[in-house]
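Student: Listed here are the chains, written in short residue letters.
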Amino acid sequence: MRTQTYKTNYAELVALTPHASNWAWALMGLLIVACAPLILGSHGLNILSVIFVMAIGILGLNLLTGVTGLISLGHAGFLLIGAYSQAILTTDYHFPAWLAIFASGLVAALASLVVGIPSLRLKGLYLAITTLAFTFIVRHIVLFAENITRGSEGMAVEPLKILGYAIKSDMPFFYVALIMLVFFILITLNIMRSRIGRAWLAVRDHDIAARAMGINLMRYKLLAFMVSAFYTGVAGSLVALQTRYINVDTFSILISIEALAMIIVGGMGRVHGALLGTVLILLLPELLNFSFSIAGDRFTTLMADRIYEIKGLMYGVVILLFLRLEPEGLAGIWRKAKRFWVHWPLSQ
Amino acid sequence: MRNSIRRWATGLKKTSVIALSIGAGFASAQDVGVTATEILLGEVQPMSGPASLIGKAGAAGSKLAIAEINANGGINGRRLRAIYEDDGYVPARSVSAVKKLIDSDKVFALTGTTGSSHMVAMLPTIEEAKIPTIVHMAPNPAVVNPRRPTVFMIGPDYDYAGYVPINHMIEKMGQKGGKFGILYQDDDFGKALLAGYVKAVKQHGVASVAEIPFKRGAKDFSAEVLTLKEKGVTALYLGTLTTESAAVMGELKRLGMKPVIGTLWAGQLPAAVKLAAPSGFEYLIPDYYASNYDPTGIKLMEVAKKFLSADDYDNFNRYTVSGYVGTIVLAEGIRRCGAAVTRTCVVAELNKLNNFSTGGLTGPVSFNNPKAQAVLPIKLFQTDPKNASVKSVTDFIAY
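So the sequence lines, in the order shown, correspond to chains A and B.
Those letters in the first sequence? Residues 2 to 349, per my numbering, in order.
Those letters in the second sequence? Residues 270 to 668, per my numbering, in order.
The hints are simulated quantities; they were obtained by calculation from the structure and are not laboratory data.
Just so it is clear, the structure is predicted and the values come from calculations on it, not from any experiment.
C-beta atoms are modelled at their ideal positions from N, C-alpha and C, and glycine is treated no differently.
Accuracy of the hints is not assured; some may be wrong.
Straight line, CA to CA, 20 Å or less: simulated DMTMM-like cross-link-like pairs of lysine to aspartate or glutamate [what the hints assert, rightly or not]:
| # | chain 1 | residue 1 | chain 2 | residue 2 |
| --- | --- | --- | --- | --- |
| 1 | B | K527 | B | E480 |
| 2 | A | K169 | B | E397 |
| 3 | B | K460 | A | E154 |
| 4 | B | K484 | A | E147 |
| 5 | A | K169 | B | E396 |
| 6 | A | K169 | B | D372 |
| 7 | A | K162 | B | E397 |
| 8 | B | K375 | A | E287 |
Over the 10 Å line for every Cβ pair with chain B, so calculated as not near, a few chain A residues [stated by the list, open to error]:
| # | residue |
| --- | --- |
| 9 | L17 |
| 10 | L31 |
| 11 | P173 |
| 12 | V183 |
| 13 | L281 |
| 14 | V318 |
| 15 | R325 |
| 16 | G333 |
| 17 | A338 |
Use the sequences and the hints to build the structure in full.
Tutor: Shown next, in the form of structure tokens:
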């Protein structure tokens, strides 16, 4: 029987995954997902692409809120900054679209200093309100700076071009989003096992104790904000590349709340939790649609105009259920299921 | 032996007849979303979120048209059915919804296309799928400039909404010597209204003393209204939506101003009329659809009572008429194709549509023009704040 926790040397402690077999399973999962275009149509690929893109942003939010313990309701603002940076850089400054993706992340990271610096003195609810205000401010700036952003009219976005090939349809974009997600998962796992990741965990668990241990709170909190905003900025640029049209309506405050729901449901502070939470929350409307379709056409028609209201209710119910029954989220369920499987028949 | 040959020959004959019948069935071509008994349509509407009032009403109009057509035997024996997708008035969700309708639900055509920017976001998908599409709720000029081969738009450009009330104020309401002003949203939509307003004041040589832009989402108009008072405005055009219009009128009343007011078509939504009623202004509203205050619209409401649920009936407003007209126009294109319903045929028939009558709900609809845009005549209405109602002032007039 293998153990999950007993480490005999430092290399095991900082390994990217606890067991070599994890790589094989991950690769198999990746191959299965990569084969999705064989069975899914445009709509299915579109949903998966949305999940991949959002998952990048959620990984970023998880680093800030789940790992470092700094609550943010401002990620819709970072997403918006990323999307508009992508649109402006490619349309007005003729940046290559792939380069603009990372530049958008950098712009969002720089903008995060606006909320990052006050975060040094704020915690909990106060920080949440500050970050929420940041989203309002960003939305208004976009509306007012219409010489740059086209105001409420919105902006068309140049498609991503790779080696001269414009990625306009769903299948190539699906692969781009998948590759980007894998890239950011690997970066996240690397950060988590590094000094930075451990310092963030220490700040979350007890910031005064962390400072006593020599962790520079200012540096690590700002870094958490910047890294998180970078992820979300990149996600925003991918949102822009996917829809190829953006305006402020796409980036409502609700997105920040949905994002928090994803990491709560997935399991705060865990990479696979963030991914599972994103998948579950984004598939909720599709699951609802599917349930309605089973009930028949008349019921589907009746419920068609209530899907987002029901979705809003479902968020609340799902979060409540997880907080009450499984505070560790889907990652906790996954861990318990795995332990049950590994320890069977001795599992309890 | 001879009997068995005869039996074999008879069998062959029967088989051939069946095969030929099946072949003939296939020969009467039909497209995605069309079966022997049904034609499937799709709509993307903002049925939740800030514009749900519009989306629910638009969907109700389409449901009404479909129920009525089906009650009369469908189109050439085929019933219509529609799938409604809610986009929550978010462009990214509009794209996702239209992809679902085209790819998963495999609809034949689209009749509901949500708001202006949302339609712009969906255009690449619609163009790629070459799917017949009727835009009837938000006639954004960008939709038909450049011309998209399968997209048809019902409604005049927004500048008419600015032009018609000002023209009426000058010609019929004694404002030839008046001082004119406009409040407009500082975006493409507002600028189109401003263009119509400017055209009218220039045409009649009257004084425009205040042209004030405001940012989308503005709630407080006290500074703007104070400027209007300082300039002595006697005739005002409000390029505002429901709650904004009520806020401006409330401020005008507070400052003791009594200008003649005109606004755009959203001004006659029952909610807008009720919100603005306490300020007591009898404002002008241009519209290219007969609404629930118009005799033809009221007649449609009686039909709606028969076919719609209580919820849908309660949502009845000008956008219900919009949804109804969009669907019957598409249905006419399908009907003209006979049994062989294909997207190519419907697009070709819609391209030929000329002076199609909607029974008085609009002026005649024609798509046989370079933009495939039915630039409809406009009717003027005026509010009656005492009864929180609206009355017709003119008939449908082409400008």
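Student: For each hint, tell me whether it holds in the structure or not.
Tutor: Structure-based check of each hint:
1. B:K527 to B:E480: holds (18 Å)
2. A:K169 to B:E397: Roughly 10 Å separates the two Cα atoms, so the pair holds.
3. B:K460 to A:E154: holds (11 Å)
4. B:K484 to A:E147: With Cα atoms ~10 Å apart, K484 of chain B and E147 of chain A stay inside 20 Å; holds.
5. A:K169 to B:E396: holds (12 Å)
6. A:K169 to B:D372: holds (16 Å)
7. A:K162 to B:E397: The hint holds at about 19 Å.
8. B:K375 to A:E287: holds (16 Å)
9. L17: The assertion about L17 of chain A holds, with a minimum of 33 Å to chain B.
10. L31: The assertion about L31 of chain A holds, with a minimum of 24 Å to chain B.
11. P173: holds (14 Å)
12. V183: holds (23 Å)
13. L281: holds (17 Å)
14. V318: holds (17 Å)
15. R325: About 27 Å separates R325 of chain A from the closest Cβ of chain B, which puts it past 10 Å; holds.
16. G333: holds (30 Å)
17. A338: Correct as stated: the minimum Cβ-Cβ distance to chain B is 31 Å, above 10 Å.
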